[in-house]
Amino acid sequence: MDRFSHWGLRHTTLGNVIVDKVIKEYPNGVYEARVLIPNPKAQTDPTAPKFLEKKGNEGVSTMFPRTWTEDRLKVELEHAFRNRSRVEDTENKWSGITKSGVKVE
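Residue numbers (the working numbering): 14 to 118.
Worth flagging that the hints you see were computed from the coordinates, not collected in a lab. Treat the hints with caution; some may be incorrect.
To be verified - Keeping only pairs whose Cα atoms sit at most 16 Å apart, straight-line, the calculated EDC-like set for lysine to aspartate or glutamate is:
hint : residue 1 : residue 2
1    : Lys116    : Glu45
2    : Lys87     : Glu118
3    : Lys112    : Glu83
4    : Lys63     : Asp33
5    : Lys112    : Asp84
6    : Lys34     : Glu66
7    : Lys112    : Glu91
8    : Lys34     : Glu45
9    : Lys68     : Glu45
10   : Lys37     : Glu71
11   : Lys68     : Asp33
12   : Lys63     : Glu45
13   : Lys68     : Glu91
14   : Lys67     : Glu45
15   : Lys54     : Glu66
16   : Lys67     : Glu91
17   : Lys34     : Glu71
Working from the sequences, and respecting the hints, build out all of it.
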């Protein structure tokens, strides 16, 4: 597990999410989609489905541009993290802007 895993980072190039349905696309390549996420039970139960529908946020995730490679994603996120600020009224949430201007929270 690398240091990006604990962020709940989901991107199609990482293989840890399947886009089920694109809901909205933005000019910068960011999009909102209904996604399927890995089922932890599938690691020990061969009969369990490998992916499940995401339940939080009404099943919708905001996704980074599909054109971003894993390396590009890491560079963009490291920039946002280095220039982060704490989200008001939270203890452990932060917000930052990638080099390409995409807000990350």
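Now for the hints, and whether the structure bears them out:
| no. | hint | result |
| --- | --- | --- |
| 1 | Lys116 / Glu45 | holds, 14 Å |
| 2 | Lys87 / Glu118 | holds, 15 Å |
| 3 | Lys112 / Glu83 | holds, 15 Å |
| 4 | Lys63 / Asp33 | holds, 14 Å |
| 5 | Lys112 / Asp84 | holds, 13 Å |
| 6 | Lys34 / Glu66 | holds, 11 Å |
| 7 | Lys112 / Glu91 | holds, 9 Å |
| 8 | Lys34 / Glu45 | holds, 9 Å |
| 9 | Lys68 / Glu45 | holds, 15 Å |
| 10 | Lys37 / Glu71 | holds, 14 Å |
| 11 | Lys68 / Asp33 | holds, 13 Å |
| 12 | Lys63 / Glu45 | violated, 22 Å |
| 13 | Lys68 / Glu91 | violated, 28 Å |
| 14 | Lys67 / Glu45 | holds, 13 Å |
| 15 | Lys54 / Glu66 | holds, 14 Å |
| 16 | Lys67 / Glu91 | violated, 26 Å |
| 17 | Lys34 / Glu71 | holds, 13 Å |
In terms of the numbered hints stated before, the structure departs from hints 12, 13 and 16, listed from lowest to highest.
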